[in-house]
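Residue strings, one per chain:
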Amino acid sequence: MGSASSMLTQYDIEEVQEHCNHLFTQQEIVSLYKRFCQLDRNAKGFISADEFLSVPEFAMNPLSQRLLKMVDGLNFKDFVAFLSAFSAKATVPQKIEIIFKVYDSDCNGKVTFNDLNEVLHDLTGSFIRKATREEVLSQLLHEAGYTKESSLLLHDFIKIMEHSGLKMEVEIPED
Amino acid sequence: MSKLNTSSSELDLDRPNIEDYLPSGSIQEPHGTLRLRDLLDISPTLTEAAGAIVDDSFTRCFKSNPPEPWNWNIYLFPLWCLGVVVRYGLLFPLRVLVLTIGWIIFLSCYFPVHFLLKGHDKLRKKLERGLVELICSFFVASWTGVVKYHGPRPSIRPKQIFVANHTSMIDFVVLEQMTAFAVIMQKHPGWVGLLQSTILESLGCIWFNRSESKDREIVARKLREHVHGADNNPLLVFPEGTCVNNHYTVMFKKGAFELGCTVCPIAIKYNKIFVDAFWNSRKQSFTTHLLQLMTSWAVVCDVWYLEPQNLKPGETPIEFAERVRDIISVRAGLKKVPWDGYLKYSRPSPKHRERKQQSFAESVLRRLEER
Numbered sequence: 000m001g002s003a004s005s006m007l008t009q010y011d012i013e014e015v016q017e018h019c020n021h022l023f024t025q026q027e028i029v030s031l032y033k034r035f036c037q038l039d040r041n042a043k044g045f046i047s048a049d050e051f052l053s054v055p056e057f058a059m060n061p062l063s064q065r066l067l068k069m070v071d072g073l074n075f076k077d078f079v080a081f082l083s084a085f086s087a088k089a090t091v092p093q094k095i096e097i098i099f100k101v102y103d104s105d106c107n108g109k110v111t112f113n114d115l116n117e118v119l120h121d122l123t124g125s126f127i128r129k130a131t132r133e134e135v136l137s138q139l140l141h142e143a144g145y146t147k148e149s150s151l152l153l154h155d156f157i158k159i160m161e162h163s164g165l166k167m168e169v170e171i172p173e174d
Numbered sequence: 000m001s002k003l004n005t006s007s008s009e010l011d012l013d014r015p016n017i018e019d020y021l022p023s024g025s026i027q028e029p030h031g032t033l034r035l036r037d038l039l040d041i042s043p044t045l046t047e048a049a050g051a052i053v054d055d056s057f058t059r060c061f062k063s064n065p066p067e068p069w070n071w072n073i074y075l076f077p078l079w080c081l082g083v084v085v086r087y088g089l090l091f092p093l094r095v096l097v098l099t100i101g102w103i104i105f106l107s108c109y110f111p112v113h114f115l116l117k118g119h120d121k122l123r124k125k126l127e128r129g130l131v132e133l134i135c136s137f138f139v140a141s142w143t144g145v146v147k148y149h150g151p152r153p154s155i156r157p158k159q160i161f162v163a164n165h166t167s168m169i170d171f172v173v174l175e176q177m178t179a180f181a182v183i184m185q186k187h188p189g190w191v192g193l194l195q196s197t198i199l200e201s202l203g204c205i206w207f208n209r210s211e212s213k214d215r216e217i218v219a220r221k222l223r224e225h226v227h228g229a230d231n232n233p234l235l236v237f238p239e240g241t242c243v244n245n246h247y248t249v250m251f252k253k254g255a256f257e258l259g260c261t262v263c264p265i266a267i268k269y270n271k272i273f274v275d276a277f278w279n280s281r282k283q284s285f286t287t288h289l290l291q292l293m294t295s296w297a298v299v300c301d302v303w304y305l306e307p308q309n310l311k312p313g314e315t316p317i318e319f320a321e322r323v324r325d326i327i328s329v330r331a332g333l334k335k336v337p338w339d340g341y342l343k344y345s346r347p348s349p350k351h352r353e354r355k356q357q358s359f360a361e362s363v364l365r366r367l368e369e370r
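Here the protein sequences line up with chains A and B, keeping their order. FYI, numbering that gives the first Met the number 0 numbers position 126 of the first sequence as 125, with every residue one higher than the one before it. FYI, numbering that gives the first Met the number 0 numbers position 337 of the second sequence as 336, with every residue one higher than the one before it.
The following block holds chain B by itself, in its conformation from the complex (with noise of 0.2 Å):
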């Protein structure tokens, strides 16, 4: 297995061409004597350039499509508006009382069984799971959540991982409802940070910073180690590394297919109809992203569990990783681009130029050698 080194320029090593799947239309291949006019000629370039500023599909990714408004006209305004007064003032008020008590209940039970059945691991670790389970049906039920679950439920089996597409934090609520899975998350600041660190800890979950660079190679230690071992529970991780609006896909991180496990796919889709459940994490921050669900109507969405798969003879992570992306995105109607999820973060590496240098290069070079 390919041992993961810490340097930025391995993720652009092993991709597949970003080249094959841009838009190049605009440059073809130069015929005829080399003279002033082509190498004046710098308009492939220029056109590839205000293609990027006028369109992109990276940008696409990450854009909020609200649904359409309807309170557009004299006695749909009203209607709307006694929409809003229903969803703040009844609808709001009682789900906020059932996620308070939901918290109590879990509360109250969590600790005495954390601390209580110290001894007793395999009955505590039951009871944490079903207990984590309960609360999160109670944040769904706060959102008034209406999720479909096809296919059969996860199984908790050793050497196993589940990869879901990535839209907003809920997924992860909206899938633990189902199944306990320990995940592997971004650190978080904050409330959510607290909750990461008392009991999402206890189910075996996983943190990774995505600024610091060594980082790697130690969640990639974790997750074998977790994978491997007989009673953790079962690991659920999002490839894609960041939010996108769950209308297309972004490239999927290797860590996950080159485990030497069963990689069992899950796809997930929202329905727009009343909210959308896209987390814009440049434009509102988590709280203001759940108060937002807390007040909209419902939240529909449809969750797959698809065909376990394994890596086949002579494929490698990478190419596993694609075809299970294209798996998940077929399922869940979702257009696959070609970027990197971090880009959100980080400037493209300047392999990307360089290649583009050295195929002029030798064209130039090429035509100069035919005169």
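The shape of chain A in the complex, shown without the other chains (with noise of 0.2 Å):
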């Protein structure tokens, strides 16, 4: 799809509906366009970390720095794809997959215990001292059989998470 141009034709909306395994229906690609346009204010291509963050809601969000890794620079089909795991198609452990993703900002495939004390650091702030979030998080791992040591993949986490009724969607407004 290359450089933004302002209409998609029908084999683009059809391509990144493969690309995003057929999550989204047709209208929803058209909108996320729409909304993609808008937020690309030079028609790069590409959505750029400081036009994510002049969305004010975004900026607020505890998880906005490890969320921009994820998406600055993405073209409009990765984009869509990222988004896929929020649409109510989405199955839990495509959803699970995306949040063990955020967890592993090294992208190796492994989710290690200073990982976990860096994202409940970003959600909790100055406001839980640091040992107490380590102490928590040690005595949590422990009870659900893992140690301080290991290193968590992508099925530990489905495991750990998979019937505790997950429900991660957003809408796509229709306008």
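Do not take every clue at face value.
Stated by the list, open to error - Straight-line distance between alpha carbons at most 27 Å, and here's what the computed DSSO-like set of lysine-lysine pairs gives:
id	chain 1	residue 1	chain 2	residue 2
1	B	Lys334	A	Lys76
2	A	Lys33	B	Lys334
3	A	Lys43	B	Lys282
By construction, these hints were calculated from the structure, which means they are not laboratory data. Keep in mind that this is a model prediction, so the values were computed, not measured.
Hints in hand, dock the two standalone chains.
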């Protein structure tokens, strides 16, 4: 799809739909394209970190920096693929996979104690002391059968979270 | 009256709680013993972030919504082409002519009045007011403005301030042709700045600079002085602080509401039938915007002068500002959003993130204690 043109052809829509495993309808892809063009101010073909941060609701989110690493500079096809985990049609393992990717910031397929600690720090800020935070994590890991030294893999995440009634959906507005 | 301090954190301390307005249906109170999966499950926060990426109420406020094109079939298209020829070839030159005549008349009367009547201030001011109203009428004529004014015309009395919603700098011209207000405006570069420093200065206009933080105190003082002066022109303020697309209103700054005087709300609603009057300052310069208006059929709008409001006993200035914003939004059919218009130019304060972090931390600690 290259650099952004202002119109999507039927071929483009089908290509994007293929790329996101048909988790969005064609109408949703058209709406997402309008949104993409709105955020991408100078039609460069991707949305820069600064442009994401110009959405105040996103900038205020505790995980915005981690997410920025994942979405910065994505072209439209990959942007839709990223958001497909939030579609109502996505399966629970697909949703858990994106959660895993948020934790695994160095993309080596393993989530260490340090990764868990950092994300918890992002979510709780300075309102939980470092010692308490690490202690809680250690304790909970231990209870689940892991140790501080374990590296969690995707299938561990799936095992831990698959029956927790995970709900992670975003509605694409029609206009 | 609370003393205005210059740090931007002051903006947030008094704000109504944004969290009350934002959708947070995904955040449920967790129950049961704290388990590893509860800490690993970052889905509520991720959902909020993805929701903001997909759609957010702040960006909607500044989206241009041009009128629907109607030239899409075989016979409408030539009609539209004819319309373009008339607008650009006939109307536009005529309008430029009208505007030029207007400027000639204005300048040839203004400078003599300004310099020759230096000693007779009262007469001079009266004539200057009349002349400014005249040039604004010429401006409105140059875009074939069809403006309907509703409600009693503003009267020149002390201790009152006028507030209006803001869509474009032409709001000022539309209101000014009826009453010569003194306005508080952002100082602009270029020819607009020149107009500001010469003619508008004599009306008693006050300038501010968004990027300077110390500015707020100085401006607040000037506002107070102006309002309490007996012969100053009535003051007009646009409390949103930025141009919004005439479908929404952003939060009103409280500066105009804590001066201890009556606030007279004015609601302005543009009809997009021929052209969208929203000045999207990110997309076009003011000159381009004016040219766009001058090459369209007409600019249609309604102006409502609403009932003057006073601070109710026990009401804070912020609550007062919100109440007036509500009155204006209802009258003009605009939706309210809980955002500060200045977020167009700067990032939100870390206070909002900290509030979310605090609430999550408290919930984790509480569940920890319950174990």
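Structure-based check of each hint:
1. For the suggested pair B:Lys334 and A:Lys76, the alpha carbons sit about 33 Å apart, so the restraint of at most 27 Å is broken.
2. At most 27 Å may separate the alpha-carbon atoms for a hinted pair to count; A:Lys33 and B:Lys334 meet this at roughly 22 Å.
3. A C-alpha spacing of about 15 Å is found between A:Lys43 and B:Lys282, which places the hinted pair at or below 27 Å, so the restraint holds.
Of the numbered hints stated above, the single one contradicted by the structure is hint 1.
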